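Given chain A, work out where chains B, C and D should sit, using these hints.
Protein chains: 4
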Amino acid sequence: MLVVMKHNAVQDAIDTVVNTIQDMGYDARPIPGEQRTAVGLIGNDGRVDSSRLEGLEGVLEVIPVTHPYKQVSREWKEEDTHVHLPNGTVIGGEEMVLMAGPCAVESEEQIMEIASRLREAGATILRGGAFKPRTSPYSFQGLGEKGLELLARAREATGLMIVTEALGPEHVDLVADYADIIQIGARNMQNYPLLRRAGQRGKPVLLKRGMSATIEEFLLAAEYLVSEGNDDVILCERGVRSFDNRHTRNLLDLSAIPVVQALSHLPIIADPSHGTGVRSKVIPMARAAVAAGADGLMVEVHPNPHKALSDGQQTLFPEQFEELMTQIDVIARAIGRSLAPGLGASDRVASGV
Amino acid sequence: MLVVMKHNAVQDAIDTVVNTIQDMGYDARPIPGEQRTAVGLIGNDGRVDSSRLEGLEGVLEVIPVTHPYKQVSREWKEEDTHVHLPNGTVIGGEEMVLMAGPCAVESEEQIMEIASRLREAGATILRGGAFKPRTSPYSFQGLGEKGLELLARAREATGLMIVTEALGPEHVDLVADYADIIQIGARNMQNYPLLRRAGQRGKPVLLKRGMSATIEEFLLAAEYLVSEGNDDVILCERGVRSFDNRHTRNLLDLSAIPVVQALSHLPIIADPSHGTGVRSKVIPMARAAVAAGADGLMVEVHPNPHKALSDGQQTLFPEQFEELMTQIDVIARAIGRSLAPGLGASDRVASGV
Amino acid sequence: MLVVMKHNAVQDAIDTVVNTIQDMGYDARPIPGEQRTAVGLIGNDGRVDSSRLEGLEGVLEVIPVTHPYKQVSREWKEEDTHVHLPNGTVIGGEEMVLMAGPCAVESEEQIMEIASRLREAGATILRGGAFKPRTSPYSFQGLGEKGLELLARAREATGLMIVTEALGPEHVDLVADYADIIQIGARNMQNYPLLRRAGQRGKPVLLKRGMSATIEEFLLAAEYLVSEGNDDVILCERGVRSFDNRHTRNLLDLSAIPVVQALSHLPIIADPSHGTGVRSKVIPMARAAVAAGADGLMVEVHPNPHKALSDGQQTLFPEQFEELMTQIDVIARAIGRSLAPGLGASDRVASGV
Amino acid sequence: MLVVMKHNAVQDAIDTVVNTIQDMGYDARPIPGEQRTAVGLIGNDGRVDSSRLEGLEGVLEVIPVTHPYKQVSREWKEEDTHVHLPNGTVIGGEEMVLMAGPCAVESEEQIMEIASRLREAGATILRGGAFKPRTSPYSFQGLGEKGLELLARAREATGLMIVTEALGPEHVDLVADYADIIQIGARNMQNYPLLRRAGQRGKPVLLKRGMSATIEEFLLAAEYLVSEGNDDVILCERGVRSFDNRHTRNLLDLSAIPVVQALSHLPIIADPSHGTGVRSKVIPMARAAVAAGADGLMVEVHPNPHKALSDGQQTLFPEQFEELMTQIDVIARAIGRSLAPGLGASDRVASGV
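Chains as they are written, first to last, in my numbering: chain A, 346 to 698; chain B, 346 to 698; chain C, 346 to 698; chain D, 346 to 698.
If we strip away everything but chain A, and leave its shape as in the complex, we get:
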């Protein structure tokens, strides 16, 4: 941390900064410059609260030099984290992983039909909301535990793993009883009791980026999970707020993918469905996410999007998903990766296909 003094700061002010830093238990090193002095704080362990320094007399700015996250950083752990799931899917390795399914679980028929088609198309993880966070209290809020049960039945039938959202710490155990991956939504990225509880539960967690979260805040939210002892964290870029939402609901920040991959060992996937909010933009942006190096995709697909109870406008038809799979297979190879083999692969091999 670097405390930059005003050009006219008196020696007393500099001394006060030095003493305050020492008071906080760190070393202080004044660095005189031509125009002004700066004071370096040495030994920052990520716990320094800059606010005590920012308010001192003569201080112009306090500039963080060390990043405040620790265990999620590449400096803490050099090699990529691989999240292993019971059906053999590995997230964060060389292979790209596909999570797909409807916005919300609506009925047994719906979830069974789509799960079966997605398995055929090559997805290995089924998404579907049982508890839905809705901007309006009057919107459909999901089937609740009934939805979780239907997801479990779809897993039984297809072998697809289940990812579904927990809305609060009080839901974590229930969701974890059914799901293979606990999802934490964008609105809850800084819901700390939820993060702590999910971190303690010992199941993989998918953490979505908040709507206006900086990369640093995103990684610090993941740090809450990892600092509870859970290394199986998957990050998800899902679009951020922008000044123009007339043609897309959010702005999918694909540069977050290489940025996070440089800073952290955790895998990061992209959600082009929420990231655009418009069906016709989902496929181009899904392809772009793969080309940018995403470790996977989460895509909304519904047997009949026009009848979907939520998010229908951003949901693919099954045929569109199948077409997408063909395109991203080639793109993944172009950058030295490949799609994770689908669950039907061995059958197909067995049957000589």
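The hints are simulated quantities; they were obtained by calculation from the structure and are not laboratory data.
Here the structure is a predicted model, which means the values were calculated and not measured.
Keep in mind that the hints are not guaranteed to be accurate.
Note that the list lumps identical chains together, so a pair holds whenever it fits in one copy or between two copies.
Each computed EDC-like pair below joins lysine to aspartate or glutamate, with the alpha-carbon atoms no more than 20 Å apart [claimed, not checked]:
1. K652 with E406
2. K351 with E668
3. K415 with E667
4. K652 with E465
5. K422 with D522
6. K548 with E454
7. K351 with D518
8. K351 with E573
9. K652 with E573
10. K652 with D372
Structure of chains B, C and D alone, referenced to chain A:
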């Protein structure tokens, strides 16, 4: 709701829109124009999910005409909501209300000293965090229930009402046992289980605007509270995300004050401490908030900001708060309002001061 | 255009809206709803100024239904615009086009060396600034006309077409004398005298999106060019302002590519160099832009980025550019497109390679 | 400038940074820390281009410590700049200055009528556009030189000074022949040829903040003016881009006022008309700007806003302006300032009013 068709939409596409609207239980009215047709959805009760319509063939845009919030709107209730507190303070009336105190409760000495000075200066509500949401898991997280007890003692000693934050639904009862107003923080503005629980508890709730929440999302979050039967909701503008955070931490959106006052009957206050994040900007922006018509202010004040365990850089010295009170007293009068009388006022009157 | 009335608007207010619309020379059609009345303005020719209506008594909102741009829209012209350049390059067709080169022209040696390597690698257009818009008046401002001469020499030597920026209307003729494409930079996207002059000059124009320009503003800026009679306009997404610029300078909005392609017949390319501002992010985002469907790329490449006089941190080494070309060749094919053949291609064919 | 190395940067990488800095003509000082080394660049004169350093091997971040602007900074000149106008108005002193008038000059009758009413109400400067920058090429673009002549006639009749916009360098001389203050609009904040020409002309310049300009970019744009020898620069905050433009067109960033006043000696005013874009929000935000410490206001007023050819929805009625004057008079006094005396003041005194 208006469904705007593409200029080359065929009649079949228009018919599908009309039928879908009728399917959803509303009336549809096609409006042919020179360049294109639009279809009006008549009878929108705030529960229409536009996504079914947005994805239909030939649809260019779906434009909401009715606002999706209901009970928080001025159309639902014309006259201003007044929130009455046990010590006589009324929020939302002609008088402006002052909430002040440290970012976090740190010790009995600290909270007693500042409470007493704030009462002297004219505040009627004491703020102070017992449970602190912190971006980093390694930062000071508050004293927890011990902090709540200290706040209650400060109330006993001074008569100031207590506003303090609940981080999750599981905290609501505990916080409500001690506090007069339950605060819901910016990070939790869309934490729906928390909103529902707080709405059910029957105590006034202070709802802070999320970091990138639109006015509509802000009012819909309040709708969650009100739809649970709680009318005593106070809104709080506390700064939003912007593209420039070098000189202020957030961008205090003061135009939200007259905007919300036109749309909703709920009171709205401003928090210039979080809204700027910099001590030297708190006073100008506090004055500006009053001039813009805020129903109150929430300001961080600490006996010794340099020793504060959090947010010291944006916390006023007690003398600064006293000076602020003098200035805003005049400004409030300039726009036909006044400051709520302090709790010491009657004594002072009684003693002839 | 739809004028939405307040729910309690009286008949007089509605009549005034109707009369005002008729005054403006359009038809008005009141549409009574359950909660409120709206008045449709029929016959909007893109010239309606909504401000007269927005301020009227009883008006809640004025909602644009028609888009204000005309000649740049797909509704005006269904088929894609192809911009033909003298060396055979076509922008906007099935083939993707590569524009590359240094941020600024620095010397004959520099521009000749890089031009030759870029031609080898398959680019067909050379970029390079002669007049540089710099945030600080103390930064290097470009070689001026001398830079234009060097670009022309590089064209002569390699056959690459030249794209370079004009900073003001007074530069347009000079730049057009040397360049094959006149570039208008992001800072000047709404410099209307410059747009008009560039539109009149009759040479292709590359228009960069402004730093916080909406898609509509972007297309309206292009409308200035086209309305002067110039159809050869190429749009360029180059990153927009975001709330997090710690790890990338701008946020490259790749969804702008499919969005613009749906609304307009003009070609759109991406500039991942300015779009990220960081060398290590340029390649992933260049690949992503191709996967999203961009009609071309503009990339900064320098023989020795560490010695570049400007933008060195976002400039590729020539070897990186060559590697990029290999990757995007595969990606382009995956989505049914291909790279434009390089200028050396026929030689290579001729020589049996 | 501080060059922060990656934690695993080898000594060679550090040496390269040191050598590069020395190559650039500055001193380098390595600062070893616990986790990483940083290298300070000593002697920064505001001309350092960080890009050469950002791209070097082993470099994590380059952090600017010195601000790149010079002559506009308080470190360059401690005392406030006062801009003196021929009619005795001083901008930047203790007194607050009012600039008011229509968006565009429309006719002699219009401008004469409003000028006379504004003079009566206490304004001393008349605004009015002769050349209008319009987002759409099909909107009313202003009366041009004819508009300038009408403004000059209004000055002759009332004594009000004239502020009006120049759209490009080629207009500066013409505008300067008629106007007392040359306005540079938000869209042109980084139109460098225009800034240079306006800086050279020797008349006061009003510089509006760009729609997404950071404070640093805003001050650097002013540096272009001042570095040409023109100290008479007035800054104007007029609202920035935000993620919510449903209820206000822009987000008026009032904290920019105290921020700029701390960093620069130049006066700064606020434009609540463009800052909100909605008539009913102009008065609250104008009051707030005064309370925040603005050195003046620029407000749109029209004899009949409903008939205005542009921006009618954000334009005050004359009676509203008169009411505003009364309110801000009290607010200015509350913070130790006052309104500049109107031009009619002495007459009124003389006539005993």
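Evaluation of the provided hints:
no. : hint           : result
1   : K652 with E406 : between (54 Å within a copy, 18 Å between copies)
2   : K351 with E668 : neither (60 Å within a copy, 26 Å between copies)
3   : K415 with E667 : neither (40 Å within a copy, 36 Å between copies)
4   : K652 with E465 : neither (22 Å within a copy, 53 Å between copies)
5   : K422 with D522 : neither (30 Å within a copy, 45 Å between copies)
6   : K548 with E454 : neither (28 Å within a copy, 43 Å between copies)
7   : K351 with D518 : neither (52 Å within a copy, 40 Å between copies)
8   : K351 with E573 : neither (41 Å within a copy, 27 Å between copies)
9   : K652 with E573 : neither (41 Å within a copy, 29 Å between copies)
10  : K652 with D372 : between (63 Å within a copy, 18 Å between copies)
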